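Engineer: So you can see what is in the structure, the chains are spelled out below.
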Amino acid sequence: MKRKNKTNNIDYKKELESAAKSMILVHEPDTLIKMIVRNIVRKVKVAHAAILLQYKDSDNYIITVSRGRSGLKIPAGFARVDKDNPLIRFFSRRKYKVILDDGVLTCEEIKKLLKKNIKAGVKTLLKQLLYQMDIFEAVACIPSYFRDDLLGILLLGKKNDGRKFNREELDFLVALASDVSMAIRNAQLFKELEQELDKKRRLFIHTTIALAAAIEAKDRYTHGHTARVTNLSLEIARKLSQRNKKSLDKKFLDDLHVASLLHDIGKIGIPENILNKNGPLNDEEKKCMQQHPMVGVNILQHIKELENCILGVKYHHERYDGTGYPEGLKGKEIPLIASIISVADAFDAMTTDRPYRRCLNKLEAVREIRQVSGKQFDPEIAQVFIQIHKEGKI
Amino acid sequence: MAKLLIVDDEVDVREFAANFFRKRKIEVTAVASGEEAVDLIEAQKPNLILLDIKMAGIDGVETLRRIRQKDKHIKVIMVTGRKPEEGGAFEDCRKLGISGYIHKPLELDELEKIVLKEISQK
Numbered sequence: 001m002k003r004k005n006k007t008n009n010i011d012y013k014k015e016l017e018s019a020a021k022s023m024i025l026v027h028e029p030d031t032l033i034k035m036i037v038r039n040i041v042r043k044v045k046v047a048h049a050a051i052l053l054q055y056k057d058s059d060n061y062i063i064t065v066s067r068g069r070s071g072l073k074i075p076a077g078f079a080r081v082d083k084d085n086p087l088i089r090f091f092s093r094r095k096y097k098v099i100l101d102d103g104v105l106t107c108e109e110i111k112k113l114l115k116k117n118i119k120a121g122v123k124t125l126l127k128q129l130l131y132q133m134d135i136f137e138a139v140a141c142i143p144s145y146f147r148d149d150l151l152g153i154l155l156l157g158k159k160n161d162g163r164k165f166n167r168e169e170l171d172f173l174v175a176l177a178s179d180v181s182m183a184i185r186n187a188q189l190f191k192e193l194e195q196e197l198d199k200k201r202r203l204f205i206h207t208t209i210a211l212a213a214a215i216e217a218k219d220r221y222t223h224g225h226t227a228r229v230t231n232l233s234l235e236i237a238r239k240l241s242q243r244n245k246k247s248l249d250k251k252f253l254d255d256l257h258v259a260s261l262l263h264d265i266g267k268i269g270i271p272e273n274i275l276n277k278n279g280p281l282n283d284e285e286k287k288c289m290q291q292h293p294m295v296g297v298n299i300l301q302h303i304k305e306l307e308n309c310i311l312g313v314k315y316h317h318e319r320y321d322g323t324g325y326p327e328g329l330k331g332k333e334i335p336l337i338a339s340i341i342s343v344a345d346a347f348d349a350m351t352t353d354r355p356y357r358r359c360l361n362k363l364e365a366v367r368e369i370r371q372v373s374g375k376q377f378d379p380e381i382a383q384v385f386i387q388i389h390k391e392g393k394i
Numbered sequence: 395m396a397k398l399l400i401v402d403d404e405v406d407v408r409e410f411a412a413n414f415f416r417k418r419k420i421e422v423t424a425v426a427s428g429e430e431a432v433d434l435i436e437a438q439k440p441n442l443i444l445l446d447i448k449m450a451g452i453d454g455v456e457t458l459r460r461i462r463q464k465d466k467h468i469k470v471i472m473v474t475g476r477k478p479e480e481g482g483a484f485e486d487c488r489k490l491g492i493s494g495y496i497h498k499p500l501e502l503d504e505l506e507k508i509v510l511k512e513i514s515q516k
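Protein chains in written order, with my numbering: chain A, 1 to 394; chain B, 395 to 516.
Source of the hints: derived by calculation from the structure; they are not laboratory data. This structure is a prediction, so every number in the text was calculated from the model and none was measured. Where hints are given, some of them may not hold.
Derived pair list, reagent style DMTMM-like, types lysine to aspartate or glutamate, alpha-carbon separation capped at 25 Å [claimed, not checked]:
id, chain 1, residue 1, chain 2, residue 2
1, A, 250, A, 321
2, B, 417, A, 161
3, A, 73, B, 406
4, A, 45, B, 409
5, B, 507, A, 134
6, A, 158, B, 456
7, B, 498, A, 134
8, A, 158, B, 433
Just chain A, same shape as in the assembly (with noise of 0.2 Å):
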């Protein structure tokens, strides 16, 4: 008897403190929910739990989870109750409060007071409660608010033993519930911002798309260069990372992605009979034309944000053995992210017509690249581009 008692003593404290451990880790509300409800049934030893979850776009609450060995388990979204049902409204209306001074609602507790003399529109709303309570086959209630707005409610069969549930343990479901209550906000607001950020996210590639547009409206020889950049290069870093093993950050590419779109925007201040010139360019041209990564920075340098991308703006032009421009740069000295898009730039201006020269098919495209890496373009990256072409993605 009294190992027995040993083992079904648990220790709720140190239970409580690894519950909210895992709410801080889990930021889907979904998920958290689930390991909650998971958690109860197997520590308390109930027949099944449930949680009645607001929905935030409705009046009202449904079933997001319910587990349950032996007693009954209510598919995820299965049901619902209105906000008008007698659970919702004793548990938002704070003058039951008296009833529910330990934050607990039993049936029990009910049977008892429907003893006593109370008035009859109390007595309806308690024998209303019971109802729905035998619907769910809970024995228990526990309510769970978020300052005044009551967010959802756990719901518990009969505990495995047969047993009522003790002081111990109601305490540890009442502090859970109010844990799980903070917990559930937290990931909601937390989902609200990452959606927020995405949004911005999205907003703020728009905006860039767009700016890169203004750049094809005036050189009319690229149309469509821009964005079959951006998505070679893309395209490489996806693979170099693969082939590394390791993978470039997520931060790297965004960047690139903006700097792809961003690469060619200095052009907007190059003279247009130059960009659209119907024949070779002479040196003083050429020189000119070589002005446009520079004009680049010098569009973009004041946004702290594109730091980064600014380093693919400037850079995409100078060539793996320092003879490029704007400032010779060697080998590893250019930044990775200027490395790529140069490929992805020449490659695409090679397989494209000029009016002055017809354009390469891809197979003397991926060859001239071959040819020139080391030279040109960083071997690691070069080498990167032909896998990809032989895999039949370019």
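Mind docking chain B on chain A? Use the hints.
Structural biologist: The following block gives chain B in isolation, referenced to the frame of chain A:
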């Protein structure tokens, strides 16, 4: 004992609904497809059918149509997710003849009431 036939392709829903009504002293058969339901009705003669609209294979509307070819009077309650595009399906079901319509997520007390009411009225 009144007989209820549950038709739903989700196993969790079948298990839950079957348990729920067995506890309410109803004889329950649960099947996973419209075909099985159509095959069963002559032998089983259920008093009421709970029929899910959205199912893999033949859907609830088609199942209802085939049931009606065999039996014009058997009571059927349609169960469905509340999607606006199912407005048309609802019209089809009404023309074929149904006793009611309940949408998921549903209220368990409403489910209990509507089923108990329909199944007790012969």
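Engineer: Look at each hint and say if it fits the structure.
Structural biologist: Going through the hints against the structure:
1. A:250 <-> A:321: violated (29 Å)
2. B:417 <-> A:161: Roughly 21 Å between the alpha carbons, so the hint for residue 417 of chain B and residue 161 of chain A holds.
3. A:73 <-> B:406: holds (8 Å)
4. A:45 <-> B:409: This hinted pair holds, its Cα atoms lying about 22 Å apart.
5. B:507 <-> A:134: With Cα atoms ~14 Å apart, residue 507 of chain B and residue 134 of chain A stay inside 25 Å; holds.
6. A:158 <-> B:456: violated (42 Å)
7. B:498 <-> A:134: holds (20 Å)
8. A:158 <-> B:433: violated (39 Å)
Hints 1, 6 and 8 from the earlier list are contradicted by this structure; the remaining hints agree with it.
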